[in-house]
Each structure stands twice: as C-alpha cells, then as structure tokens.
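Engineer: Could you build the full structure based on these sequences and the hints that come with them?
So the sequence lines, in the order shown, correspond to chains L and G.
Under the numbering used here, the first residue of the first sequence is numbered 1, with each subsequent residue one higher.
Under the numbering used here, the first residue of the second sequence is numbered 1, with each subsequent residue one higher.
These are calculated hints, taken from the structure and not from any lab test.
Note that this is a predicted model, so its numbers are computed, not measured.
Beta carbons are placed, not taken as given, at the ideal position from N, Cα and C, and that holds for glycine.
Treat the hints with care, since some could be wrong.
Unchecked claim - Calculated from the model, a selection of chain G residues having no Cβ within reach of chain L, i.e. all distances over 10 angstroms: (1) 53; (2) 77; (3) 87; (4) 101.
Claimed, not checked - Derived DEER-like restraints, expressed as beta-carbon distance ranges: (5) G:91 - L:35: 28 to 34 angstroms; (6) G:110 - L:53: 42 to 48 angstroms; (7) L:63 - G:115: 45 to 51 angstroms; (8) L:53 - G:89: 32 to 38 angstroms; (9) G:103 - L:49: 44 to 50 angstroms; (10) G:106 - L:72: 41 to 47 angstroms.
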Amino acid sequence: MASTVIGAGITIEGEVTADDDVVVQGTIRGKLTSRDAVTVESGAVVEADVASGPLSVAGAVTGNITSTSRPARRSSAT
Amino acid sequence: MAQARTKNTVSGDASLIGAGTRVRGRVTGDGDVVIGGHVEGDVVVRGDVTIEDGARCTSNVEGHAVTVAGELAGDVSASGPVVVGATARLRGNVRGAQFSMEDGASFAGRVECEFELPDGLGEDHAAPARRR
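Structural biologist: Right under this line is the structure:
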C-alpha cells in the first residue's frame with residue numbers, strides 16, 4: 001500500500017521527500033527522495049533527481065538516479 | 001484510513017501525500033488531493049483538497065471542495081464548500097461557495113462567502129451579501 005501517490009493529473013514542481021514508498025502516476029519536476037520504494041508508473045513523467053530504495057520505472061525518468069538496488073525497468077520505461 | 005488509501009491507490013487521478021512525506025514546491029493539476037504530510041507551497045487543483053488531521057501545510061489552497069482537519073497557514077479559495085474540521089488549525093482567509101466550521105476548530109482569518117439571508121431579513125440586502 002503506497003503511502004504517497006502522485007495521481008495522473010497532478011504536477012509537483014519542487015522537492016518531494018518521503019519516509020515511505022512513493023507511487024508516481026503524474027509529473028514530478030525537481031527532486032524526489034524516498035527512504036522506501038519508488039514506483040514510476042506508465043505515463044508518469046519524472047524530471048528529477050531520484051534518490052530512493054528499490055526503484056521501479058515504467059514511465060519516463062530524466063535525471064540522476066540513486067537507488068539502493070538496481071532500477072527495475074519495465075517495457076515502457078524511457 | 002485504510003479505505004481512503006485503497007481508494008487513492010486504485011483511482012487514477014487521486015493523489016495522496018502520506019504522513020511521512022514532505023513536499024516543498026507547487027502542486028497543480030486535476031484530481032483530488034489528500035494531504036497527510038507536510039506541504040510548503042501552493043496547492044492549485046481542480047478537484048477536492050483534504051488536509052488531514054496531523055498534516056501541516058504552509059500553502060495557499062485552491063480547489064473545489066476544501067476540507068481542513070489539520071494545520072494550514074495560507075488562504076483557501078474554493079469553488080465548492082469549505083469545511084473546517086474540529087481538529088483544524090487554520091490561519092488564513094477563506095473564500096468559498098459554502099463555509100462550515102466544526103466545534104473545536106481554531107481559525108484566524110476572514111471568510112468571504114455568498115449566502116442567502118433568512119426570510120424577512122433585510123429586503124434591501126437581498127442581493128448576495130458578503131460576510132466578513
């Protein structure tokens with residue numbers, strides 16, 4: 001169960017810092033930091049430096065990625 | 001709570017800023033936003049905005065129905081109803097289609113809201129009045 005969900009219609013411009021897992025369906029520009037897992041779903045746009053636990057990407061991520069595990073790229077990832 | 005989370009996870013355009021999450025920046029777009037964490041920055045959405053008990057926001061909030069149950073420093077502008085819950089601590093001006101405040105809420109600010117005067121009261125003021 002995700003504790004933070006950025007919905008498909010939502011854009012965050014700035015810095016997101018989370019203790020728990022984050023699911024991105026919308027857009028984040030800036031910086032995304034989570035101590036737990038980050039999931040970038042299909043259709044999501046992340047133009048941000050990402051520092052997280054396990055990272056799973058099905059959408060688009062542009063930026064530096066620092067993850068505790070190797071990012072899992074799904075088929076639609078860019 | 002568990003239900004709300006399930007709903008937000010399943011629904012495509014609802015967003016949830018969890019209790020352990022901090023946002024510094026601007027939140028914009030369509031869909032509902034539920035804030036349980038900390039937000040420093042304006043929240044401008046077309047859907048409903050809910051600031052839960054325990055949440056802390058330093059934001060101007062714009063949305064349809066706006067519910068405040070946590071701490072908010074900033075102005076609220078709603079196209080729908082504004083509800084200030086019993087646990088709310090709100091410092092800012094409120095503008096909305098309807099306004100209600102529950103017992104126990106703390107509110108410092110101004111309310112700007114159209115309302116109907118009761119029958120027989122002030123025929124001269126039948127036009128939408130502004131309550132301050």
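Engineer: What hint numbers does the structure not satisfy?
Structural biologist: none
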